[in-house]
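> The residues making up each chain are set out below.
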Amino acid sequence: MHLYHLTLQGQTSINQAVHGSFTGASKQQEVCVARGTTLQLIFCDPKSGKIQTLCTQDVFGVIRSLYAFRLTGSNKDYVAVGSDSGRIAILEYKQERNLFERIHLETYGKTGCRRVVPGQYLAADPRGRAIMIGAAERQKLVYILNRDVEARLTISSPLEAHKTYTLCQGMVGVDVGFENPTFACLEFDYEEIDNDPTGENLKKTQQHLTFYELDLGLNHVVRKYAEPLTDLGNHLIAVPGGQEGPSGVIVCCENYLVYKNLGDQPDIKCPIPRRRNDLDDADRTLMIVCSATHKTKLLFFFLVQSEQGDVFKVTLETDEDLVTEMKIKYFDTVPVANAMCILKTGFLFVAAEFGDHQLYQIANLGDNDDEPEYSSRMELEEGDTFFFAPRSLQNLVPVDTIPSLCPLINTHIADLAREDAPQIYAMCGRGAGSKLKVLRNGLEVSEMAVSELPGNPNAVWTVKRNVDDKFDAHIVVSFLNATLVLAIGETVEEATDSGFVATQPTIGCALIGDDSMLQVYPDGIRHIRSDRRVNEWRAPGRRTIVKCALNRRQVAIGLSGGEIVYFELDMTGQLNEFTERRQLPGEILCMSMSEVPEGEIRSRFLTVGVSDSTVRVISLDPSDTLAPLSFQALPSPPESLLLLESSSEDGKGVSTIHLNIGLQNGCLLRTTVDSVTGDLMDTRTRFLGTRPVRLFRVRVLNKDAVLCTSSRSWLLYHYQNRFHLTPLSYPSLEFASSFASEQCAEGVVAITENTLRIIAVEKLGGAFNEVIHKLALTPRRMVVHPSANTIMMIETDHATYTEQMKNKKRNDMANDIESLATDEQELELAREIAEGMRNTKLDESVFGTVKGAPTRWASVVRLLNAKTGDIHSFFELPQDEAAKCMTLIQFHAQPDTLMVLVGCAISVRLRPYSHRGGCVYTFLLSNSGDKFDLVHRTPTEEPVTAVHDFRGMALIALGNRLRIYEFGKRKLLAKCENKVKLL
Amino acid sequence: MTSSAPTERFHVLAQLEHLQSKYTGCGHADTSRWEWMTNVHRDTYASLVGHPGLLSYMAVCEHESRARTKFNLINRMVQPCGPPPEKSPLDDD
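As you go down the protein sequences, you meet chains A and W in turn. Following full-length UniProt numbering, the numbering of the first sequence begins with 1 at its first residue and continues without gaps. Following full-length UniProt numbering, the numbering of the second sequence begins with 1 at its first residue and continues without gaps.
Read the hints as simulated data drawn from the structure, not as lab findings.
Distance condition first, Cα-Cα at most 20 Å in a straight line; then the derived SDA-like pairs of lysine to any residue:
1. Lys110(A) - Lys22(W)
2. Lys47(A) - Gln743(A)
3. Lys204(A) - Arg76(W)
4. Lys22(W) - Gly112(A)
5. Lys464(A) - Ala510(A)
6. Lys22(W) - Tyr165(A)
Sample of chain A residues at the chain W side, in silico, Cβ under 10 Å:
7. Ala34
8. Gly36
9. Gly112
10. Arg114
11. Val117
12. Ala136
13. Arg138
14. Gly199
15. Leu232
16. Val289
17. Arg430
18. Thr778
Keep in mind it's a predicted model, so treat the numbers as computed, not measured. No residue lacks a Cβ here, since even glycine has one placed at the ideal position from N, Cα and C.
This is chain A alone, in the form it adopts within the complex (with noise of 0.2 Å):
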């Protein structure tokens, strides 16, 4: 069985999030994520509050509902997914093998995400004991969890909550200490109204919230109570009981939260502040899209994030047990979220619907600010609420993001940068927050440093002082004809008394032994005690060194004509010669050999790089010294050799040897060497650039990786269970080094012309790193200049204002504010107000864009630089004039210029369908292809849904009719039709 197709990019959006103590370490808390198909689990490092991503699996299904429990007395945490499959899965994640093990899948239904079929909404029991899984309508589900006698998770067969003609909103498990399991769903019956043709039920039926109890001693779940709600709810919030909380549940009703709980406690109701002077349309409810609740055993408080991404913190005040008063006040104002959830470690990480996804410090849970604090105790006048104004960040503190594409509209691949390969020019987000991302394969570097060097140096290393130093101690630079030893301390300077010979360039240098240096240069080989004390071995008279092999304990050098001598390093710390030399059939191009195996006294083999274009692979072990096992003919002359010996991943079994050559014409080969024999196979082949390729050893996640250095550099690492050889976005870079610092733990230092650079790769696993240029609105379709390197695109929104609109409503606003004073004090104050109201303009991609009334559409046409994100041109579409298509048009009456054509809806309502016809925009490009001009406008009858060149004319559709119009001074004319019946 072979996986034939593998992803390059997964799924960047992120649908739901739970966080629990999964690896059931103590006081760590991880988040799983689902990514569509995909199951992800997070960790927030709290030293350095990056993300780091523990685990990737597949699940093949869409994840609906996901859900975290631990059972009583436990401290890790299981995970129940609810997906299209039918059935309800349980899964542990496994530390020490790196992936979510099923521990039980139950079937209970058809496949697929259907009506009837549980799984969009999954509730949990806090206390671990019962598990409800529901459907859209009618069906909910619930299992009893408890553990046997070895203390394994158990899972009952399903008992039945179902309710038909009942469609469900909302699922939570309510606390209810140790009492029988509770669950509360947000019900809406319409049985009635499917039986009334005259539509009176429709305005008298009321959404309920129902309590399901499931009775452990009768094993059976009785509906026990349902409440009508005055307003529709769309979300629970389960808040604490037992021994830490009153118990009940928050219902987020729109522009209301109210708080519910089973027996004679009173509703407490809550209106959600409002944005103060918002321009948002003024008959829109607000409504409540996500929640997250932190508890400890002294406190607890919600966090819920209304829909233009305001966090409020809500908390409750008791009177004993029962609830007395609702406060709600502004937080702070974060990207709208799928989930949020906040980490006992002091984070907040919120998954939002479109565009990155957010990792928050909490600095300070807003206790002690001048933000005014509501109750549900104010007095307010009926329909009347609170008003807050938005403000940036001020108790929490960004510390990291994980990007997304979603929603990804278009893409475009091209080479338009003129770079060696083509990126993908991707059309991503929503609203404000919409973004031209330029995605190029490759690993994003983060460039530590960068320092010149007096000359051209061609190679580099780094030696550690000691072998049980984790830091580098010297960088070694070789030049033409000299050494420069560097010393790394808090800063990089050139050390004068390493004991190496500074006037020879130097071919290799390792630590060896305990705590000696080597230095290979082509005279000799020159080897520094610690002490001090230097000895020496001179190349034999006429013949240099080219080439050497290092590492701890072993020490092969090729000598000009092809003859190899081996050295190893004997107990009291000598360098022995071996007394036989081999000569080879050719000169040495590269020789390599792979670090002494842990356990062991020396490295096996050794492989050495033949200018008559092959591979050989030389035995060193004691018996056979110096034979030759086997060789490999390569296609072009080798230009480097790496050997790697990587443990197998548990620690155990036999390690596997892979040997990485590198060909003169830039190809990479990859091969295994079997570990007894030395035998070479299964060769893999990756071209990598139009250089010869080099390796280099370096250290990526605490294990070997390969540098491979051609016209573009490559990072060949391990990651997740996976080898992945990605391209560095970075300039080529000549030869490299691994570089441990306390500064940099997993760095490289490398050199390109005459510079030092100290580099690190640290967003391992992507494929892409991007550019991104911002955008005004939802993106919509691009086109490209044929050969100036622009991209022109429009971008369209629904049900939001022009920014001409917008001023004129802020200014309305304004006026209003003023006319309504009365004496000369009150207008002063008046005038102030209304100043502050016209200059005060929030940041949309931050606070989300204004909302209007639905047929209100936005449209901006724009033509920007592909490599520079500069906007040439900018063209503003009048309020309700959407946007939909565009093309680019040489029209035969106008044969040497350019045009693009944007088709438009004007005034659209969505549901019910209706319409003010359409028109068509006529853009002259200027030849240099760095302008547009508006020529035309062209009414239509109907909105146009497509454009498309044809004949050097204009074919477009409208509606059922498409119709094709030819270029004209004062608008375009229409020169036939064809109207399409079925339709």
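Given the structure of chain A, go ahead and fit chain W onto it with the hints provided.
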């Protein structure tokens, strides 16, 4: 043979009834146009809510939050095609 025919017919009928009670929206010989339309709409809305990608698609179209889109779609399931037609006195029951 003759005696088994009515029981078999009865058996098929019972099976159908069982299916109809098990699967909401399962049709029968007397399904009206309104019933069929209403069921198709409810199924569609439930599917839009159930597939995360489709819900995002709708949310981008309408320029609303995903939560609002889901809320609207489920509320629309209550009566997607208007009230049922008046029952004609010629119909049974």
